[in-house]
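Residue numbers (my numbering), protein chains in the order written: chain A, 1 to 510; chain B, 1 to 141.
Certain hints may be false.
Unchecked claim - One-sided and incomplete, this derived list gives chain B residues near chain A with beta-carbon spacing under 8 angstroms:
no. : residue
1   : 15
2   : 16
3   : 19
4   : 21
5   : 25
6   : 93
7   : 94
8   : 111
9   : 117
10  : 118
What the hints assert, rightly or not - The calculated lysine to aspartate or glutamate pairs, modelled on EDC-like cross-linking and capped at a C-alpha distance of 20 angstroms, are:
no. : chain 1 : residue 1 : chain 2 : residue 2
11  : A       : 289       : B       : 99
12  : A       : 331       : B       : 117
13  : A       : 341       : A       : 330
14  : A       : 341       : B       : 119
15  : B       : 18        : A       : 283
16  : B       : 18        : A       : 489
17  : B       : 97        : A       : 177
18  : A       : 412       : A       : 489
19  : B       : 97        : A       : 463
20  : A       : 289       : B       : 119
21  : A       : 407       : B       : 119
Simulated from the structure, these hints should not be mistaken for lab results. Note that the Cβ used here is the ideal one computed from N, Cα and C, for glycine as well.
This is what each chain is made of:
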Amino acid sequence: MRTALADLIDRIDRFARQRTLGRSIVLALAIAMAALLVANLSTFILVQRTAQFNERVDAQWQARRSGRLLLLNLKDAETSHRGYLLTGRPDFLLEYRGALTAHEAMLENFRRQIAVDNPGAAEAEEVTRLSREKIAEMNQVLELFRAGRAPDAIAQVRGGQGQALMRELDEALTDVDRRMGSEIAQATAQSEGSAAFTSVVNAIAGLLILILAGIVFLLVRRYLEDLRASQAALDRVNAGLEETVRARTAALTRANEEVQRFAYIVSHDLRSPLVNVMGYTAELEQAGKAIDLQMTKVETVAPDLIESDALTATREDIPEAVGFIRASTEKMDRLINAILKLSREGRRTLTPETLDMTVMVRRIADSVAHQLGQADAEIVVADLPELESDRLSVEQVVGNLIDNAVKYLDPKRPGHIEVRGRDVPGGWVEYEIVDNGRGISDRDHERIFELFRRAGRQDRPGEGLGLAFVRNSVRRLGGEVAVESVLGEGSTFRLKFPKRLILDEAGDPL
Amino acid sequence: MSNPVKIVMVEDDHGHAKLIEKNIRRANISNEIAHFDTGQGALDHLFSAESLANGPLLILLDLNLPDMQGTDILAEVKRDERLKRAPVVVLTTTDDKAEIQRCYDLGCNVYITKPVDYESFAAAIRQLGLFLSVMQAPVIE
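Could you build the full structure based on these sequences and the hints that come with them?
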């Protein structure tokens, strides 16, 4: 976990240290995001503040209104009070009482609204005190009037105490108004300031984002141009590569054709002198016989004339020399024919078709049944996957391998040959020819595929041609052949072919 | 061969030429054999006034010549109004199918592959000799 974290940090660090296009873009976008965040934050704060401010203004207006209502109510009470004093009519008194009842609720309301801070609490106390004193004064006058002492009551009203209280109350509420007014003005100014600040912040952030967007746009455009340029360069290189591949393929094809033609011509031209060697050897032999005949005749007529050296030469040396020349030329002829066969196979046109390998291999197995019976051996052919390839070549390849398996069985144990196959992912199919024959020593695993090379005891006829031919054909079919073998235990020859042989215009496998 | 048919042998290998001649003689063929080791020499002779005036011909032709292809000579001969009836025996080392077809297409009369094995070779030539001894060649006019 810690290593993962350290790794991440390390990578970020490396990323930050490298001056790359990606880093520049990420940096620009990060700054733009930060600017956007700052703008959002300041706007959010402004909105919050404005809401607070509005609430406060609203509350203050409510308080001011309550104060004014309170004063009006008290004035109503005073008016009713005066009316009663003047007329003595009880309905004025009823109004007066109603106003006093309303007053308590209004006062309570006012106090609640205004007593939210220090000056507010003091003002609330003042208004409460003044209003209570005014009510007490009015009640006192009313008591006097009711007690029949109307003149005393009037005199007290005339004394102006009530009026002064009313004026004081009015002034107190006006003070409240003024204080609140100034407070609101101050808050408004503050609010306007922060609104302006927010606007500026937003403007700067917007500008910054625009500039960064421009930078990113330029960077991306430059990047895309670079990309297009490298794409074009890549295309050019690719085109060149394809051209090179085509040229090389053509050169290889030419070289291959030349080798084929060379092998063909050489084998024909080699045959021509061989005809002479063999022909004149035969002539020599005939001549030798004629001389021998002559010698025999001379021997009987005049034995003294015969040199023993001449006799040895005619009867032993010449026939021996002729024998060796003959054996060698015959061998050479076989080898030339082998080369010719290989070169012919290399020039043959391939025609891919779908091959039922099970049927084909069983038929090949049937053709060696006789030899198998003699060698006390059996061959097992499993169900084999189909193949699309050249029939003749595949037949010859498998036939060669089965012939070899039969030819090199170990007489010490009952022979067992098995042919099996399977599809291999990637469009391949693989066949195995497994025997329990004499096996091939490790060092000969490559050699056996070479022309004229053989391995192991040379007690079977052969030119060392079969496997060279197999490898040649398999390669022509776009496949591979390999051997696994332990000397004295048996061999497994593994053939791998493309499931479908596809030829190019030149008739060679793609 | 009762009539004096002349055998024209085109063969660049002197050994082969000698062996062929030897074996033809062994088959008791005593006709005159004119040997040419280049294609041009053979053509010059075949188209000379002397050879045209000298009666029937039989051509023994090797295909691999140093200066030209034997098939070119074959084509020339078969294209010529007077020579085209002369029998041509192609006697060569090549046993390539395409080559054999081409020779017969060009009008060769017999195609024989020289066997490397001398006994077979000698036998083949002797049989050719026997064949020649009963064969009738057209008269060249």
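Hint-by-hint comparison with the structure:
no. : hint             : result
1   : 15               : holds (4 angstroms)
2   : 16               : holds (6 angstroms)
3   : 19               : holds (4 angstroms)
4   : 21               : violated (12 angstroms)
5   : 25               : violated (13 angstroms)
6   : 93               : holds (5 angstroms)
7   : 94               : holds (6 angstroms)
8   : 111              : violated (15 angstroms)
9   : 117              : holds (7 angstroms)
10  : 118              : holds (4 angstroms)
11  : A:289 with B:99  : violated (40 angstroms)
12  : A:331 with B:117 : holds (11 angstroms)
13  : A:341 with A:330 : holds (16 angstroms)
14  : A:341 with B:119 : violated (23 angstroms)
15  : B:18 with A:283  : holds (11 angstroms)
16  : B:18 with A:489  : violated (56 angstroms)
17  : B:97 with A:177  : violated (129 angstroms)
18  : A:412 with A:489 : holds (11 angstroms)
19  : B:97 with A:463  : violated (24 angstroms)
20  : A:289 with B:119 : holds (16 angstroms)
21  : A:407 with B:119 : violated (31 angstroms)
Figure legend: structure checked against the earlier numbered hints; hints not met, in rising order: 4, 5, 8, 11, 14, 16, 17, 19 and 21.
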